[in-house]
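Undergrad: This is what each chain is made of:
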Amino acid sequence: MAHAEPAVVSDIVPPAEVPEVDLYHAKSWLTKYVFSQDAKVIAIQYSLTAISIGLVGLVLSWLMRLQLGFPATFSFIDPSDYYQYVTMHGMIMVIYLLTALFLGGFGNYLIPLMVGARDMVFPYVNMLSYWVYLLAVLVLAASFFTPGGPSGAGWTLYPPQSILSGTPGQEWGIVLMLVSLALFIVGFTMGGLNYVVTVLQARARGMTLMRLPLTVWGIFVATILALLAFPALFVAAVMSLLDRLLGTSFFMPHIVEMGASLPYGGGSPILFQHLFWFFGHPEVYIVALPAFGIVSDLISTHARRNIFGYRMMVWAIVAIGGLSFVVWAHHMYVSGMNPYFGFFFATTTLVIAIPTAIKVYNWVLTLWRGNIHFTVPMLFCIAFIVTFLNGGITGLFLGNVSVDVPLSDTMFVVAHFHMVMGVAPIFVIFAAIYHWYPLMTGRMLNEALGQFHFWVTFVGAYLIFLPLHYLGFVGVPRRYFEIGETGFVPASAATLNEFITVMALIVGFAQVVFIGNLAWSAFRGRLAGRNPWRATTLEWQTAELPPGHGNWGPTPPVVYRWAYAYSVPGVADDFVPQNLPPSQVAAAHPSVRAAD
Amino acid sequence: MGFLRHIAEKPWLPQDAVEGLHAERAIAAPAAKTGLRFFLAVVGVLFFLLVVAYAERMRFESWRPGPQPFLLWLNTALLVLGSVGLQWARTAANRGQIDGVRGGLAAGGLFTIAFMAGQIVAWRQLRGVPFFDMASPAIAFFYLITALHGLHVLGGLVAWGRATARAWRAAEVVRPLRGGVDLCAVYWHFLLGVWLVLFGLLFSGQGNIDVLLALCGFR
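These protein sequence lines are chains A and B, in that order.
Under the numbering used here, think of the first position of the first sequence as 11, with each following residue one higher.
Under the numbering used here, think of the first position of the second sequence as 3, with each following residue one higher.
Don't read these hints as lab results, they were simulated from the structure.
Model, not experiment: these values are computed from the prediction.
Treat the hints with care, as some may be off.
Which residues of chain B face chain A? A few of them, derived with a C-beta cut under 8 Å, are [said to hold, decoys possible]:
id: 1; residue: Thr36
id: 2; residue: Gly37
id: 3; residue: Leu52
id: 4; residue: Ala55
Non-contacting residues of chain B with respect to chain A, defined by C-beta distances greater than 12 Å in every case (computed) [said to hold, decoys possible]:
id: 5; residue: Ala31
id: 6; residue: Ala108
id: 7; residue: Val123
id: 8; residue: Leu179
id: 9; residue: Leu198
Label-pair restraints from in silico Cβ distances [to be verified]:
id: 10; chain 1: B; residue 1: Ala216; chain 2: A; residue 2: Met322; range: 40 to 50 Å
id: 11; chain 1: B; residue 1: Trp65; chain 2: A; residue 2: Ala529; range: 55 to 65 Å
id: 12; chain 1: A; residue 1: Pro416; chain 2: B; residue 2: Arg129; range: 30 to 40 Å
id: 13; chain 1: A; residue 1: Val266; chain 2: B; residue 2: Val131; range: 22 to 32 Å
id: 14; chain 1: B; residue 1: Ser206; chain 2: A; residue 2: Ile280; range: 23 to 33 Å
id: 15; chain 1: B; residue 1: Gly130; chain 2: A; residue 2: Gly275; range: 21 to 31 Å
id: 16; chain 1: A; residue 1: Val413; chain 2: B; residue 2: Ala161; range: 43 to 53 Å
id: 17; chain 1: B; residue 1: Met136; chain 2: A; residue 2: Gly332; range: 35 to 45 Å
id: 18; chain 1: A; residue 1: Trp465; chain 2: B; residue 2: Trp65; range: 51 to 61 Å
id: 19; chain 1: B; residue 1: Arg164; chain 2: A; residue 2: Ile280; range: 21 to 31 Å
id: 20; chain 1: A; residue 1: Met322; chain 2: B; residue 2: Val160; range: 41 to 51 Å
id: 21; chain 1: A; residue 1: Leu360; chain 2: B; residue 2: Lys35; range: 52 to 62 Å
id: 22; chain 1: A; residue 1: Phe483; chain 2: B; residue 2: Ser206; range: 49 to 59 Å
Don't be surprised by glycine CBs; every beta carbon is placed ideally from N, CA and C.
Only chain A is shown next, with the shape it has when bound in the complex (with noise of 0.2 Å):
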């Protein structure tokens, strides 16, 4: 798809018709380092803070494989002990690093200067949306701290069992995840306005929306599911509140514990499952999208040729945005609900493959005959388009309410959800470090040790979840402290657990070793130069690397055209920038013209 440059021959465009903004400038080191109202410095907040509370994340997955590859081995760790990992693992590595890292991180990051901006529009909200957000990260941690610990109900927090004495974190634990999560929704809608409102109306001149790069539409939709999506978790977690403090019976049916009857009477737990699910879904999609968009610039710009059907990528971006939120309830086939919408959402769920299998085609077609590039970010996108592949393939047959029924309560789902869900946007998360980091900071990731990196997390994490996969299949539950001995599990089932967990830790020590290339390159890697990647967007072009307060210098750029000018023929480089005027784009020697 590549294109000749537009006969165009006084290009030149001053950047009028765009107002100049009213950029706040810190005075002081605590307002331009700490309460700092610049996209970049918030970003890098919301980054550090994310990274930190995943790593509790990363541990606590950490402590529960050791109980399932070595039962009965560690007397530290209890059945309550055990649901409260469970519980905290997924809470934390699903809302508070995916979400916030792609939407506060990466959104912060690269919204303003991929689109042209000076920064955000509403940056004072902005930054109180970094600081409404750690205060929710605390609150979960405190949660550690308290009497009983933290929630043990299971990540999704299903009541009525999530608020009944004998769960673990009865006593303060559910009620500080709660608060936590309500915090968290109005910290990122603060966020979340930013970053729709500064794709819609602070571009630069010429940036039409569909010359923005695949990265920001991922991270605009994403951000439109999100706002849209997260009410209806924060209406679940305020009445399932309510319930727990003030004795309402949103949730709680008539309960009879121990013999006596409790004062609740009346609440349905189905409604809070809809709830939960209705913001559940798109979720996936909240993550997922932003996670497409930045794969499709990187691996366009590794591997040197435009994007494949970029209006095509972004409809399906727009359309699997529509679709996810008709499809929650395939998380509750096993609920009683009525069998007709099973069917219904079975037929939605099955639908979404289309647009998404469109991206994943695309891709493919993107890097067919491409120059391919074997750079860190490069590998862990294609890691990231095979294992989509994986977990999308799963997740059909989960879709299918026949075969969901006894998989449900499997292992199987723990192996579909990580494939799709955690290992697949882990994977564009890395991709985008290695790629942006020396935007960032002026300096290069090391390549040896991201090459250490890559390999054995993606051979690692197929390592850990395809013999999941197995495991579910063969009958293992999940959710269970410890299987003991069952009839149909083979003893070979044990024996595959400690080889998981054993891969397990080993991944995780391949984390700690990008921890220290994040680290030490920071200081000593190789210095980057201007545009290390020869990449087209905004965000290479800025006066100075990394880029300063206001980005653009004195002057913010004018956009010529769309993101994906690569290999284009009968121009010298094999790149042209978005904002360089064609008059100034060097013709190729007539030599390599006439070859094209």
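Since the structure of chain A is provided, determine the placement of chain B on it from the hints.
TA: Chain B in isolation, oriented as in the chain A frame:
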């Protein structure tokens, strides 16, 4: 259908020089107004889900209708007057009449504060009724929904306070003041609309939501 037209473009084809392209914003409104519109969409989804939850809960046999405080009719009238006041301020701001802006803001704010006071009185009245029970879903929903609506009104009053202070400081209608009053008026009208739906469907008569659900084919 501007958005659809935009996403039908083919950016890989030769295009006009930048002058020929919009410089452009997808939406002509100021950023703050676009931000407010998206925020109102979020608030709208929040209350929509609460109404759906209420309707879902009503299907159970154990549902007992909640009391319908008559005071809510008066409170509704106060909120309508609050909205009228803000609209008055908005119109005056567009005409450049600073006195009208001040009068409209003062009236709008006072009626809204009176609405909030009335809601608190309704809460206290409800606590005094025989068989008051927080475990009764209708009562719990009443408190939850009115509290969330009240919190949104309270947030609006913070913005109103800023706009009012600015109106009293300014000698004439300046652009930021006009923008602030405009945003307040839009927010007030929206919250009034939300309240009318909540009040009309849930708190003004037992059968209204049933009628609606029957019309939609859900009953």
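Undergrad: If a hint holds in the structure, say so; if it does not, say that too.
TA: Cross-check of the supplied hints:
{"no.": "1", "hint": "Thr36", "in the structure": "5 Å, holds"}
{"no.": "2", "hint": "Gly37", "in the structure": "5 Å, holds"}
{"no.": "3", "hint": "Leu52", "in the structure": "6 Å, holds"}
{"no.": "4", "hint": "Ala55", "in the structure": "6 Å, holds"}
{"no.": "5", "hint": "Ala31", "in the structure": "8 Å, violated"}
{"no.": "6", "hint": "Ala108", "in the structure": "27 Å, holds"}
{"no.": "7", "hint": "Val123", "in the structure": "21 Å, holds"}
{"no.": "8", "hint": "Leu179", "in the structure": "17 Å, holds"}
{"no.": "9", "hint": "Leu198", "in the structure": "20 Å, holds"}
{"no.": "10", "hint": "Ala216(B) - Met322(A): 40 to 50 Å", "in the structure": "43 Å, holds"}
{"no.": "11", "hint": "Trp65(B) - Ala529(A): 55 to 65 Å", "in the structure": "59 Å, holds"}
{"no.": "12", "hint": "Pro416(A) - Arg129(B): 30 to 40 Å", "in the structure": "50 Å, violated"}
{"no.": "13", "hint": "Val266(A) - Val131(B): 22 to 32 Å", "in the structure": "28 Å, holds"}
{"no.": "14", "hint": "Ser206(B) - Ile280(A): 23 to 33 Å", "in the structure": "28 Å, holds"}
{"no.": "15", "hint": "Gly130(B) - Gly275(A): 21 to 31 Å", "in the structure": "22 Å, holds"}
{"no.": "16", "hint": "Val413(A) - Ala161(B): 43 to 53 Å", "in the structure": "52 Å, holds"}
{"no.": "17", "hint": "Met136(B) - Gly332(A): 35 to 45 Å", "in the structure": "39 Å, holds"}
{"no.": "18", "hint": "Trp465(A) - Trp65(B): 51 to 61 Å", "in the structure": "59 Å, holds"}
{"no.": "19", "hint": "Arg164(B) - Ile280(A): 21 to 31 Å", "in the structure": "43 Å, violated"}
{"no.": "20", "hint": "Met322(A) - Val160(B): 41 to 51 Å", "in the structure": "45 Å, holds"}
{"no.": "21", "hint": "Leu360(A) - Lys35(B): 52 to 62 Å", "in the structure": "40 Å, violated"}
{"no.": "22", "hint": "Phe483(A) - Ser206(B): 49 to 59 Å", "in the structure": "56 Å, holds"}
Hint compliance for this structure: hints 5, 12, 19, 21 are not met, and every other hint is.
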